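Engineer: Chain by chain, the residues run as shown.
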Amino acid sequence: AQSVTQPDIHITVSEGASLELRCNYSYGATPYLFWYVQSPGQGLQLLLKYFSGDTLVQGIKGFEAEFKRSQSSFNLRKPSVHWSDAAEYFCAVKGGGGNKLTFGTGTQLKVEL
Amino acid sequence: EAGVAQSPRYKIIEKRQSVAFWCNPISGHATLYWYQQILGQGPKLLIQFQNNGVVDDSQLPKDRFSAERLKGVDSTLKIQPAKLEDSAVYLCASSLVGGQGTDTQYFGPGTRLTVL
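Chains G and W supply the protein sequences, listed in that same order.
One gets this note's numbering by counting positions in the first sequence from 1 and adding 1183 to each.
One gets this note's numbering by counting positions in the second sequence from 1 and adding 400 to each.
One or more of the hints may lead you astray.
[Said to hold, decoys possible] FRET-style restraints, in silico, Cβ to Cβ:
1) G:R1205 - W:T476: 33 to 41 Å
2) G:P1190 - W:P481: 35 to 43 Å
3) G:L1239 - W:G428: 25 to 33 Å
4) W:Y410 - G:G1245: 25 to 33 Å
Worth flagging that the hints you see were computed from the coordinates, not collected in a lab.
Please read all numbers here as calculations on a predicted model, not as lab measurements.
For every residue, glycine included, the Cβ atom is placed at its ideal position computed from N, Cα and C.
Bound-form chain W, shown alone (with noise of 0.2 Å):
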C-alpha cells in the first residue's frame, strides 16, 4: 500500500515569496490534516480537513496560508507572502476516518521550506 505522498521535498525562497506544498493522501482516507514542525519543536497541526471539507483550522495563520482538498482526495498548502519565521519541515498525514480517537495517522515525509 501507498504511503502519503508529498512533494516538492525541499524548498528554498525568499522572503516575501509565495510557495506550494501538494500533498496525495493514503487511497481512502478521508481525513487529511497538514503539520508546520519548526526545528527543536514538535508537529503542530495547521489544518484538518474531512473529505474536501475543513474541521480545524484554528492555528493555521490565515492571513497568508491557505489551503484546500479539491475533490476530497489531493491536498495544497499554499503560503503567500512566506516570513523568516514560516521556515520548517511541512507535513502531510491522513487517517481512514478521523473524528474517531482510535484513528491512526499516517505521515509523509515532509516539505523542508527555506525562507531566506
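The shape of chain G in the complex, shown without the other chains (with noise of 0.2 Å):
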C-alpha cells in the first residue's frame, strides 16, 4: 500500500527566507505526487503536481518540487517566503491507475515577521 510521510510536524522561517518541506513517500512504481496547501477554515487548494516527465515542478504562489526517484522524495521548496504563505501543507499519493489519494500529515508553517 502506498503511504506517505512528512516528517516535520511544524517548521519556522522567516519572511524572505528560504523554505524546504520535506516529504516521502512509498510506493512500487512511479507515483503521482502532490502538494496541497490547506489556510485556516478553508479546504485544499493544489500547489503543484508530479506526473511524469522533468522532475522539477513548478506551481502556483513560486513554489516548486523535485520528484527524487532514489530518495523516494518529493520535497517542496520556495526562495522566499512570504507572511501569505503561512499554512499547512500536505504531501500526497496516488498510485497507478487507481485515483485514490494517501494524504501524509501535514506540516503547518509558521512566518515571522
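Could you use the hints to bring the two separately framed chains together as a complex?
Structural biologist: Take a look at the structure:
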C-alpha cells in the first residue's frame, strides 16, 4: 500500500527566507505526487503535481518541487517566503490507475515577520 | 468556473444525534469524494463515487455513516448516530474523470463538525 511521510510537523521561517518542506513516499512503481496547501478554515488548494517527465515541477505562488526517485522524495521549495504562505501543507501520493489519494500528516508553516 | 460547494460550513451536535452534509461538485465532474480530516492528521478517504455509483467505500464506517449521490451530481453524507470521535472536518472533492492517475481532485472548503 502507498504511504506518505512528512517528517516535520511544524516549521518556522522568517519572511524572505527560503523554505523546504520534506515529503517521502512509499509506492512500488512511479507515483503521482501532489502538494496541497490548506489555510485556516479553508479547503485544500493544489499547489503542484508530478506525473512524469521533468523532475522539477513548478507550481502556483512561486512554489516548486523536485521528484527524486532514488530518495523516494518530493520536497517542496520556495526561494523567498511571504507572510501569506503561513498555512498547513500536505503531500499526497496516488498510485497507478486508481484515483485514491493518500495524504501525509501535514507540515504547519509559521512565518515570522 | 465555480468550485466545489459544501454546506453547512460548521455544525455542532451532541453525541447520538444525526447530521448531514451536502456537496455540489464542479460542473461536469464525474467523480466525487468524501474525506474525513481529524485534527492533526491528513485527510482520509471515506467514499468515492463515479457518477452515481460507489467505487470505493472501504474506509466508511457503514454502521453509522451513509452517503448517496443521486442523479450523479450532488451528494449527501450522513452520520447517525454521531460519536465524539466523529469530530472532524469533512471535505468533499471532485475530479473530471476518476480512475486515472493523472486526474486531479479539487476540494471544497469543508464542513467542521464538533460532537459534544
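Engineer: For each hint, tell me whether it holds in the structure or not.
Structural biologist: Tested hints:
| no. | hint | verdict |
| --- | --- | --- |
| 1 | G:R1205 - W:T476: 33 to 41 Å | holds (38 Å) |
| 2 | G:P1190 - W:P481: 35 to 43 Å | holds (38 Å) |
| 3 | G:L1239 - W:G428: 25 to 33 Å | holds (31 Å) |
| 4 | W:Y410 - G:G1245: 25 to 33 Å | holds (32 Å) |
The earlier numbered hints are all upheld by this structure, with none contradicted.
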